[in-house]
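S.K.: Given next are the chains, with one letter for each unit.
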Amino acid sequence: MTPERLAAKRDLLRAVLDTLVPAGDGFPESGALALDHLLAIAGASAEAGSLLARALDAVETAARADAARGFAGLSVARREDLLRAVERLHPEAFDALVRHTYDGFYSHPATIARLGLEPGPVQPRGHRIEPAALPDLARVAARGPIFRRA
Amino acid sequence: MATDDRSDVLVIGAGASGAAVAWRLAGAGIGVVCLEQGDWVNPSAYPHWRADWELHRHTDWSAEPNVRRLTQDYPVNDQASPISPLMYNAVGGSTIHWSAHFPRFRPSDFRVKSLDGVADDWPIDYATLEPYFDLNDRMMGVAGITGDPAYPPKSPRQTAPIPLDTLGLTIARGFERLGWHWWPSDSAILTRDYDGRRACVNCGPCDLGCPIGAKASTDITYWPKALAAGARLVTRARVREITLGPDGLADGAIYYDGDGRERAQKARAVVLAANGIGTPRLLLNSRSARFPDGLANRSGLVGRNLMFHPYAMARGVFDRPLGGHRGPIGCSIISQEFYETDLARGFVRGYSFQVARGLSPIASANGGSVGDRVPWGGEHRRAYAERFDRTITVAIIGEDLPETDNRVDLDPTLTDSHGIPAPRVSYQLSENSRRMLDHGIARAREVLLAAGAREVAFNPLLRAGGWHLMGTARMGRDPATSVVDAEGRCHDVPNLYIVDGSVMVTCAGVNPTSTIQAVALHVADGMIRRRA
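Chains as they are written, first to last, in our numbering: chain A, 396 to 545; chain B, 453 to 984.
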């Protein structure tokens with residue numbers, strides 16, 4: 396499946412992503428944050444694109460057999476059941492789908508900020524570590540040499 | 453074929469050991485040319501300057517050449533190995549990517565046969581290397597603190613230890629409660645400005661390189677000084693084979709330059725510094741009528757006795773934030789409580805614990821080095837929240853023993869982009885190593901629980917853990933059972949030297965870079981002495 400074909404299924408993909416990483420605790424659903432990443436990955440790597448397409452095709456086929464309204468029309472519980480069935484039948488493709496979903500979701504600035512971290516590059520700002528005294532190493536040092544002299 | 457001006461010494465590879473030997477030789481007035489298949493890494497190219505920095509860990513900045521697939525990389529067939537070899541091809545080599553652990557081998561590590569009746573003794577010892585350890589420490593810049601009873605006294609460290617922070621202090625309490633050895637890691641990462649380099653700002657992902665030069669990589673430590681002393685470094689130069697003169701001595705190498713043209717570099721001596729896989733690959737690709745089984749391979753040991761450090765990983769989950777995203781990712785604390793042989797444990801030799809920092813956001817979701825991905829679906833939010841910034845990972849780094857069936861040879865079909873046969877790795881984890889790692893997992897669980905973890909998960913063998921490539925051109929006195937002598941000279945070709953991890957007779961239970969570089973400096977001084 397080409398990236399264009401994958402993009403044509405973006406509504407289905409979004410619904411799948413929302414099921415993989417649902418909203419909650421102030422975090423949005425992953426369909427809102429990870430969708431563009433998945434489409435970009437599919438465009439950048441034929442191998443990744445093929446795996447994602449295979450996963451999505453399997454979801455689509457299973458959903459069609461389940462309900463006329465398709466995946467998005469299913470209850471959350473039924474969506475999860477369906478995805479677990481796809482995971483069992485297509486483990487490699489589903490693994491790629493989850494991995495890239497997590498990659499996209501947990502690299503998004505909105506997620507980073509919600510996690511309490513500062514979004515953006517880690518340089519040049521780095522992180523401040525409050526100065527603290529080293530724990531007392533006296534007990535360890537007092538053991539004397541623990542190496543064998545050779 | 454174009455032929456370059458003859459040099460005194462040709463060094464192949466500009467990484468940890470190649471840089472050290474080039475600097476030492478150039479400083480003694482010896483003409484040095486180094487051929488490096490990679491290029492300089494521009495500090496502005498590091499992913500740290502980009503908001504999506506973490507995504508690059510599994511793509512173009514992966515430590516695995518088979519994942520990264522950059523033009524300067526060569527493929528490695530690792531299908532017959534449970535551990536994937538890791539490396540980086542650039543000026544600085546794998547020190548670009550390393551976490552900068554800087555422990556030394558211990559005195560017993562050089563006397564394994566005499567003390568424990570396994571493997572072999574090295575033909576050199578700790579005392580021989582000690583001045584080179586010190587010299588190398590000054591060149592690389594080491595954060596740490598003296599007084600560790602796991603070692604003979606060391607010279608003062610260049611800077612104070614890297615901060616332990618909440619995470620390190622937490623696990624330190626676990627070691628204290630158990631009465632076990634622990635010590636702040638010796639790390640080649642500066643905690644204050646040193647030798648023209650900046651102090652670490654604790655940004656975290658050292659494994660993606662260090663864009664400010666606080667972490668030592670030889671492109672910023674040895675190479676500027678080597679070039680100032682007159683060494684010449686040719687990048688994007690991929691060596692195909694080492695050539696021999698009519699006298700049977702090495703007389704240079706044939707390589708492809710950055711434009712793909714075949715060139716010859718002549719030299720009076722050749723030094724191989726291409727890592728424990730690249731070096732045997734090059735020797736095996738340098739066949740001739742005189743050496744039909746590969747150059748310097750009359751012993752049949754080139755490529756054999758491959759040692760990784762097999763890693764097992766244990767990860768504890770705690771009930772409070774640990775600030776694990778702050779500070780150098782790989783380093784905080786080392787423990788060598790179970791380092792020396794105690795046969796009551798069920799294995800010979802031993803291992804170290806290394807405590808890493810916490811997991812970044814994506815790594816937290818995907819399980820990091822333990823690999824237990826946070827479940828998707830309705831449970832995801834809760835499970836992720838319980839894990840993020842609440843984990844401590846303890847790495848168990850075990851001493852691998854040399855076995856001839858663990859080896860590097862040439863793949864019959866796989867090649868690099870120049871058509872040069874690629875290496876193939878065959879490796880099996882030994883029963884001794886398995887028992888050692890299992891012991892380590894159980895003890896790591898103890899210390900994590902003692903530190904307050906409420907649950908512990910583990911990975912019994914880290915696949916993406918082949919950072920250390922050793923043993924494939926071993927050092928020894930007997931030409932029948934070794935490839936190089938005590939001064940790094942090939943028994944079969946006395947003006948051909950090897951200085952990378954290939955020469956290691958045994959691999960100890962700690963990271964090898966400090967010892968590899970000390971050996972390289974020792975070999976360089978032998979070359980200088982013989983010239984004088």
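Hints should not be assumed to be uniformly reliable.
[Stated by the list, open to error] List of simulated lysine to any residue pairs, SDA-like, C-alpha gap at most 25 Å:
no.	chain 1	residue 1	chain 2	residue 2
1	B	K606	A	A537
2	B	K677	B	W492
3	B	K677	A	R538
4	B	K606	A	L510
5	A	K404	B	G829
6	B	K677	B	L701
7	B	K606	A	G539
8	B	K565	A	F542
9	B	K565	B	D857
10	A	K404	B	G830
11	B	K565	A	R544
12	B	K565	A	A545
13	B	K606	A	R538
14	B	K606	A	R534
15	B	K565	A	K404
16	B	K718	B	G682
17	B	K718	B	T455
18	B	K606	A	L529
19	B	K606	A	K404
[What the hints assert, rightly or not] Reference excerpt, derived from the structure (chain B facing chain A, CB under 10 Å, subset only):
no.	residue
20	A532
21	S536
22	P575
23	Y578
24	E582
25	S607
26	P608
27	F743
28	Y791
29	I814
[As the list claims (entries may be wrong)] If you want the ones that stay clear, here's a sample from chain A, every Cβ over 10 Å from chain B, calculated:
no.	residue
30	G438
31	A448
32	R449
33	D461
34	L484
35	P486
No lab work stands behind these hints, which were simulated from the structure alone. Note that the coordinates shown come from a computational prediction; the quantities given were computed from them, not determined experimentally. Note that CB positions come from ideal geometry on N, CA and C, so glycine has one too.
S.K.: Next, verify each hint and record whether it holds.
M.R.: Quick rundown of the hints versus the structure:
Taking the CA atoms of B/K606 and A/A537, the gap is about 17 Å. The hint holds against a cut of 25 Å. A distance of roughly 15 Å separates the Cα atoms of B/K677 and B/W492; the hinted pair therefore holds under the 25 Å criterion. Note on B/K677 and A/R538: the hinted pairing is violated, with a Cα-Cα distance of about 41 Å set against a maximum of 25 Å. For a cut-off of 25 Å, the pair hint linking B/K606 to A/L510 is broken: about 42 Å separates their Cα positions.
A threshold of 25 Å between alpha carbons decides the hint, and for A/K404 with B/G829 the separation of about 21 Å falls inside it, so the pair holds. For the proposed pair B/K677 and B/L701, the alpha carbon gap of about 30 Å is over 25 Å, so the pair is violated. Between B/K606 and A/G539 the alpha-carbon distance is near 14 Å, which keeps this suggested pair within the 25 Å criterion. The hinted pair formed by B/K565 and A/F542 meets the criterion: a straight-line CA distance of about 16 Å does not exceed 25 Å.
Simply put, B/K565 and B/D857 have alpha-carbon atoms about 19 Å apart, close enough for the 25 Å limit, and the pair holds. For a cut-off of 25 Å, the pair hint linking A/K404 to B/G830 stands: about 23 Å separates their Cα positions. Simply put, B/K565 and A/R544 have alpha-carbon atoms about 14 Å apart, close enough for the 25 Å limit, and the pair holds. Proximity of B/K565 to A/A545 is assessed by CA-CA distance (about 11 Å); at most 25 Å being required, the pair is judged to hold.
A distance of roughly 17 Å separates the Cα atoms of B/K606 and A/R538; the hinted pair therefore holds under the 25 Å criterion. At roughly 19 Å between alpha-carbon atoms, B/K606 and A/R534 fall within 25 Å of each other, so this suggested pair holds. About 64 Å separates the Cα atoms of B/K565 and A/K404, which puts this hinted pair outside 25 Å; it is violated. Pair hint B/K718 plus B/G682 holds up; C-alpha atoms about 17 Å apart against a cutoff of 25 Å.
A C-alpha spacing of about 7 Å is found between B/K718 and B/T455, which places the hinted pair at or below 25 Å, so the restraint holds. Between B/K606 and A/L529 the CA atoms are separated by roughly 19 Å; this keeps the pair inside 25 Å, and the hint holds. In summary, the hint linking B/K606 to A/K404 is not supported, as the alpha carbons are separated by about 63 Å, beyond the 25 Å threshold. Hint status for B/A532 relative to chain A: violated, with the closest Cβ pair at about 21 Å, above 10 Å.
With 10 Å as the threshold, the beta carbon of B/S536 stays out of range of chain A, its nearest partner Cβ sitting at about 17 Å, so the hint is violated. Here the hint on B/P575 is broken, as its CB sits about 13 Å from the closest CB of chain A, past 10 Å. The interface hint given for B/Y578 holds, since its Cβ lies 7 Å from the closest Cβ of chain A, which is under the 10 Å cut-off. Because the smallest distance between the Cβ of B/E582 and any Cβ of chain A comes to about 13 Å, over 10 Å, the interface hint for this residue is violated.
The closest approach between the C-beta of B/S607 and any C-beta of chain A is roughly 17 Å, which is over the 10 Å cut-off, so the hint fails. Nearest Cβ of chain A to the Cβ of B/P608: about 16 Å, over the 10 Å cut. The hint is violated. Checking B/F743 against chain A: minimum C-beta separation of about 35 Å lies over 10 Å; hint violated. Satisfaction of the interface hint for B/Y791 is found here, the shortest Cβ-Cβ separation to chain A being roughly 8 Å, below the 10 Å cut-off.
For B/I814, the interface hint holds, the least distance from its beta-carbon to any beta-carbon of chain A being 5 Å, beneath 10 Å. Every beta carbon of chain B lies more than 10 Å from that of A/G438, the smallest distance being close to 14 Å; the non-interface claim holds. The claim that A/A448 lies off the interface holds: its Cβ sits roughly 19 Å from the closest Cβ of chain B, which is beyond the 10 Å cut-off. The Cβ of A/R449 sits about 17 Å from the closest Cβ of chain B, beyond the 10 Å cut-off, so the non-interface label holds.
Here A/D461 stays apart from chain B, with its beta-carbon at least about 17 Å from theirs, past the 10 Å limit. Every CB of chain B is more than 10 Å from the CB of A/L484 (nearest about 16 Å), matching its label as outside the interface. The claim that A/P486 lies off the interface holds: its Cβ sits roughly 12 Å from the closest Cβ of chain B, which is beyond the 10 Å cut-off.
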